[in-house]
Structure formats: structure tokens, C-alpha cells
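Novice: Sequence:
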Amino acid sequence: MTASLEQLRRCHFAVDLGAARTRVYVKGAGLVVDQPSVAAVNTRTGALIAVGEFAEKMTGRTPDYIRVVRPVTGGTVVDIEMAQRMLRQLIGDRTRRALRRKPRLRAAACTPHDADPLAQRAAIETLVGLGARRVELVDTLIAAAVGCGLPVERPEATMIMVCGAAATQVAVLSLGSIVRAERIPVGGEAADAAIVQHLRHQHELMLPSQSVRPLQLALEGNGLTPQGPEVTEIHGRDVATGLARSVKVDTAAVRRAIQTPLTAVLDGIGKVLRDCPPDLVADLADRGIMMVGGSALLPGLDQMLRQATGMPVHIAERPELCAVEGLGAMLEGRIAPMVLDPLSA
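Position 42 of the sequence shown, counting from 1, maps to 42 under the working numbering, and the rest follow consecutively.
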């Protein structure tokens, strides 16, 4: 599966630094942190005011001297110092003291499939700042496949789609390795932006950032399919007057607005399948696609992919936790590497 599987067993904790949420798994303790990757800073003093869920609630509601920042974008750390400060607060003093007592503290981290050396270095420096003496990097696609229980070690094809906030990664795995992979710069944030732009252009309504997710939840049931609810009432601010206003939105138009950026995901899936050997594609005709990641829960996305590809599409039981759970399984030694015995002479 990965050349560093033995080193991963020696790691003491693992971090999944995502654009939307940060998750930390401690060996022997399980998942200890699952919070939004957000921090609020006082620009006058440089003091950290809040992190995680409380900082996310402050988005768009702060005075001028408080800035809400996201130190991770698209799975890549863009502000190492802020990411370290955020992680220290999220992990807590008690867990940090327990980790510091470990001799030669080792850590593991997820990185996107096509992460460049600078992005990998940023992830390593972030965890080194927390006291790690050695950092092992694991491909997010491999970690997510392990976390959702796919038989990645077998000589058969499995297809996984990691639906993140900023990007979507699609890959075909076999024999513990990635055969073909593609990263599409479209994720849950693109769907949110499409909803905001639609309401601004069609209804002259500015939607608060905290209201996008409830609108998506209103589409649940049959989600992106035409059988969903016909009308949804939305509250926002009028573009011209600046006053609060409510409008009744045609959800069919919202569904069409969401589908527009998602066509790039379909193109990425098609490219991966075209580049795969025919034998592996034949395997996928029966097994289909496994969706993981927080944006996999976008209402109706699985049905849309099923109709476009003609393949079975499944959503993992806890899709948002698959990557960190996969890292945890590697740390705990629950994954055994496949051994290929050389042929005897």
C-alpha cells in the first residue's frame, strides 16, 4: 500500500488538515479533535481569540480589529504559524503534554495526491512545530480508501472519490497503489458559491455565509433530482437597499446552478476511466465508485453521478471521517501489507 507502512505503525498521532475541518487521531485514544479549520485573531495584539466552531460562528460578524482566517486551503497549509497555533489550541494542553512525553515523537499527515514539494514541506513544518521529530506523509486517497474499508490490497480495481471543500480527487486503486488519479479544483465551496451567485443575479439577494448550508439541506429528500421540494423560502439582504428581505426560491433553478460546477467532476471521472487498463474498468462496472469526504453528503450528488456514469455509486458510512480513520488504522497496525513471495527456482 505504501512504502512507509512500517514507519506509520511507529507514529504516535495523525493529523488530517482539511480546508473545511481539522481532525486529529491519537494512537490508543482515537479521534480527539474534529473542528473547523478556522481561527480568529486580534490584529492589534496578535492574540488568538478563538479556534474551531466558535471561530467559524464569528465569520462575517467581527469588528475591524478581529480577523477570521483559514490557514489551510485545498488541503495545503498556506499559513504555517497560524496552523500551528490553531492545532495547539484544538489539541489542548493535556493531550499535548501526553504527546510530549513520548520519546522521539512521530506524526503522520494526509496530503493531496498531487501535492508539490512546497505543500508537503508546509505540512511537515506544521507538525514539527508541535514537537514531532519525524513526520510521515500519506496520500489522502490511500488513507480514505483504507478508512472506508475498500480492499485496496487486492489485485482488483477499486475507485474512490474524495469530495473535499476546495477540490475533488478521483482515483482507481489496485494492489495497494494508485493506478490513475485526477484532482479537480471543484468541491463543496464551488457549490456554495454557485448558490450565492444564483441568488444574487436572479433575486438580487445577498445570502449570509451561514445560510448556504441550510439551503442545501432544504434540497434534501431527493436532492438534486427534480422530485425535490419546489419552493424554499430564503432570508438575506437586498442588494439595492441593504435591507433584510425574504424570497421564495425555485429549487429547480438552484439545482441547475449547483449542477453547473459539478460537470467538471464528471469530466475528471471520465478522464480517469479512459486512462485505466480495460481489466480494471471491467472490475469497476460491478463495484462502482465509493464517495468519501464532507461534500459527498451534498444532496443528490450520488444519484447525479450514477445517472451520468451508469456505474453503482456508494457513500461511505461516515464519509467525512474516512481519511483520518484510515490513518488511525495504519497507526494502530490494523492494516497488514500484502506479501508477494518470490517464485522458487
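Think of the hints as simulated: they come from the structure by calculation, not from any bench. Please note that a few of the clues may not be correct.
[Claimed, not checked] Pairs of lysine to any residue, SDA-like flavour, derived with a Cα cap of 20 Å:
| # | residue 1 | residue 2 |
| --- | --- | --- |
| 1 | LYS57 | ARG85 |
| 2 | LYS27 | THR73 |
| 3 | LYS271 | ALA285 |
| 4 | LYS271 | GLU332 |
| 5 | LYS248 | GLU332 |
| 6 | LYS57 | THR73 |
| 7 | LYS271 | ALA257 |
| 8 | LYS27 | ALA50 |
| 9 | LYS102 | SER177 |
| 10 | LYS271 | ALA308 |
| 11 | LYS102 | ASN42 |
| 12 | LYS271 | VAL179 |
| 13 | LYS102 | GLU81 |
| 14 | LYS27 | LEU99 |
| 15 | LYS57 | ASP34 |
| 16 | LYS102 | MET82 |
| 17 | LYS271 | LEU297 |
| 18 | LYS27 | GLU332 |
| 19 | LYS102 | LYS57 |
| 20 | LYS27 | ARG334 |
| 21 | LYS27 | PRO103 |
| 22 | LYS271 | ARG287 |
Novice: Taking the earlier hints as the rules, which of them does this structure contradict?
Specialist: 2, 4, 5, 7, 8, 9, 11, 13, 16, 17, 19
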